[in-house]
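Participant: Sequence:
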Amino acid sequence: MPYEASDVLSQIRKDAAQARALLNEQRGALELAAELYQRACERLADWSEIVRSKQGNKYRLYANPLVNSHSVALDYPSSPSLPAVGYCVVATDSSFIEPDKHRGAFCHLINVGRVMIKYGDPQAAVLEARPFHRPDYLNDIEERYVGFGRALQAECTAKEIEHLLDLAVMHRADIAFFDGPLNQTVLLLENAPVISRRVKENLKVYYEYLRAFETVLGGSGIPVVGYNSRTNSDLVMRSLRKAVEAGLFSAAVRNDPRVPMFSYLDDGDLFSYVLAPGVRSITFQPWEAKKSADKAADESEGISSGLHEYEVDIRVFYLNVGGSAERVDVPVWCLPQLDRIHQLLLSQCTLGDDFPAALSLADKQAVLTRGEDRETYYTLLEMEDLLRPVSYKARSKREAGRNI
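Per our numbering, the sequence shown starts with residue 1, numbered consecutively.
Some hints could be false.
Here are the computed distance ranges between Cβ atoms for each label pair [stated by the list, open to error]:
#: 1; residue 1: S53; residue 2: S6; range: 25 to 35 Å
#: 2; residue 1: D75; residue 2: T376; range: 42 to 52 Å
#: 3; residue 1: L127; residue 2: A73; range: 30 to 40 Å
#: 4; residue 1: P260; residue 2: S220; range: 41 to 51 Å
#: 5; residue 1: R27; residue 2: S71; range: 19 to 29 Å
#: 6; residue 1: P135; residue 2: V8; range: 38 to 48 Å
#: 7; residue 1: S53; residue 2: V85; range: 43 to 53 Å
#: 8; residue 1: D75; residue 2: R27; range: 27 to 37 Å
#: 9; residue 1: R20; residue 2: R254; range: 26 to 36 Å
#: 10; residue 1: E208; residue 2: D373; range: 23 to 33 Å
When the alpha-carbon atoms are kept at most 27 Å apart in a straight line, the in silico DSS-like pairs for lysine-lysine are as follows [as the list claims (entries may be wrong)]:
#: 11; residue 1: K204; residue 2: K54
#: 12; residue 1: K364; residue 2: K118
#: 13; residue 1: K101; residue 2: K14
Since the hints were derived computationally from the structure, they do not count as laboratory data.
All of these numbers come straight from a predicted model, not from anything done at the bench.
We put the CB at the ideal spot given by N, CA and C, even for glycine.
Generate the whole structure from the sequences, applying the supplied hints.
Facilitator: If you want it as structure tokens, here you go:
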């Protein structure tokens with residue numbers, strides 16, 4: 001039932017003063033972080049050496065600043081208008097209806113939104129959705145339930161990149177947008193071997209399609225970018241803290257009371273403050289820290305030992321698209337095309353109100369409602385006698401809803 005707004009307001013007021021004080025401390029830390037980032041960029045070789053030489057006790061990944069990279073500024077909104085010049089963009093996204101044992105559904109449905117937009121003369125567009133049904137009742141109990149959410153995410157990821165490549169090649173796209181990070185091995189589960197095998201199968205498919213972007217169209221390739229909106233990544237902030245600890249700055253900085261507050265900031269906070277609209281940051285390489293002796297001895301074999309056979313070499317930069325700075329992932333082979341990618345990103349974000357227009361349309365094509373679409377799917381299963389009896393819990397919820 002609805003909560004009492006007055007009760008919630010009293011709780012908010014109780015903690016408001018403390019929350020405001022913490023936010024003020026974070027703003028002070030952000031000002032210091034921005035200053036130190038600018039100073040670190042003047043000593044990229046030293047900063048990079050600190051990141052590459054550090055052992056990782058707390059974190060596995062950091063951001064290694066690339067010495068031969070630099071910040072680049074373009075007008076935002078982009079001028080001249082690229083749609084008038086002409087280019088072709090493709091994007092995909094997906095959503096799903098998961099199995100529901102209380103509803104009696106032991107199947108799931110993935111819906112992939114596919115978008116192609118060609119600007120210029122002639123103009124063209126494709127906006128469509130492709131549904132994919134999978135009968136999970138063919139799997140054993142462990143595969144159905146142990147960490148199933150990540151297995152389903154990995155399957156969605158593989159479907160998205162497969163259809164992204166298909167669209168890109170079919171329409172000879174100038175750029176392909178993937179929603180999220182390009183390296184997806186975070187989906188692996190450390191303590192669920194059965195599901196980890198299933199996730200790995202989908203990740204292998206995903207990376208095969210991702211690598212194919214480099215060799216299609218007779219070897220000329222199609223640039224593919226992973227667009228991370230409102231990222232919570234803190235790899236650059238981790239590397240900045242490493243630089244402080246290693247003495248890249250003065251002892252006064254190392255002892256500054258604002259430094260511990262860096263742990264409250266992510267990279268989006270930093271670059272939204274540092275970068276003006278239309279400006280991209282220097283380029284970073286996700287860097288896996290050396291393991292300390294204790295950590296290497298404690299780490300079990302299995303899940304982590306197989307990561308590198310799948311992963312693609314990725315580079316990262318941040319781009320202020322007007323309202324905030326977003327993280328952009330590109331395969332290393334796309335680096336010579338960064339200026340063109342930068343242009344097309346700004347064009348798409350100008351058209352899409354600070355978010356790539358093609359990705360926004362792909363999301364709209366993919367979305368499945370938890371009401372009508374879900375019930376339609378269950379009705380189709382029931383027509384084929386594939387819907388098991390509804391549980392008492394599900395029936396009571398439905399009856400309670402009717403009786404209100």
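Participant: Give a verdict on every hint.
Facilitator: Going through the hints against the structure:
In this structure, S53 and S6 break the distance hint of 25 to 35 Å, their C-beta atoms being roughly 56 Å apart. Distance hint for D75 and T376: a CB-CB separation of about 47 Å, consistent with the stated range 42 to 52 Å. In this structure the hint that L127 and A73 lie 30 to 40 Å apart at CB holds, the actual value being about 33 Å. For P260 and S220, the Cβ-Cβ distance of about 49 Å falls inside the hinted range of 41 to 51 Å, so the restraint holds.
Range check, R27 to S71: about 23 Å between beta-carbon atoms, so the 19 to 29 Å window is met. Restraint check, P135 to V8: a C-beta distance of roughly 43 Å satisfies the suggested window 38 to 48 Å. Between S53 and V85 the Cβ separation comes to about 45 Å, which falls inside the hinted range of 43 to 53 Å. For the pair D75 and R27, the supplied restraint of 27 to 37 Å holds, since their beta-carbon distance comes to about 29 Å.
As the Cβ distance of R20 to R254 is approximately 28 Å, the hint placing it in 26 to 36 Å holds. Look at E208 against D373: about 30 Å separates their beta carbons, and that is inside 23 to 33 Å. For the hint linking K204 to K54, the alpha-carbon distance of about 30 Å lies beyond 27 Å, and the restraint is violated. At roughly 18 Å between alpha-carbon atoms, K364 and K118 fall within 27 Å of each other, so this suggested pair holds.
A C-alpha spacing of about 41 Å is found between K101 and K14, which places the hinted pair above 27 Å, so the restraint is violated.
Of the numbered hints given earlier, the model fails hints 1, 11 and 13; all others are met.
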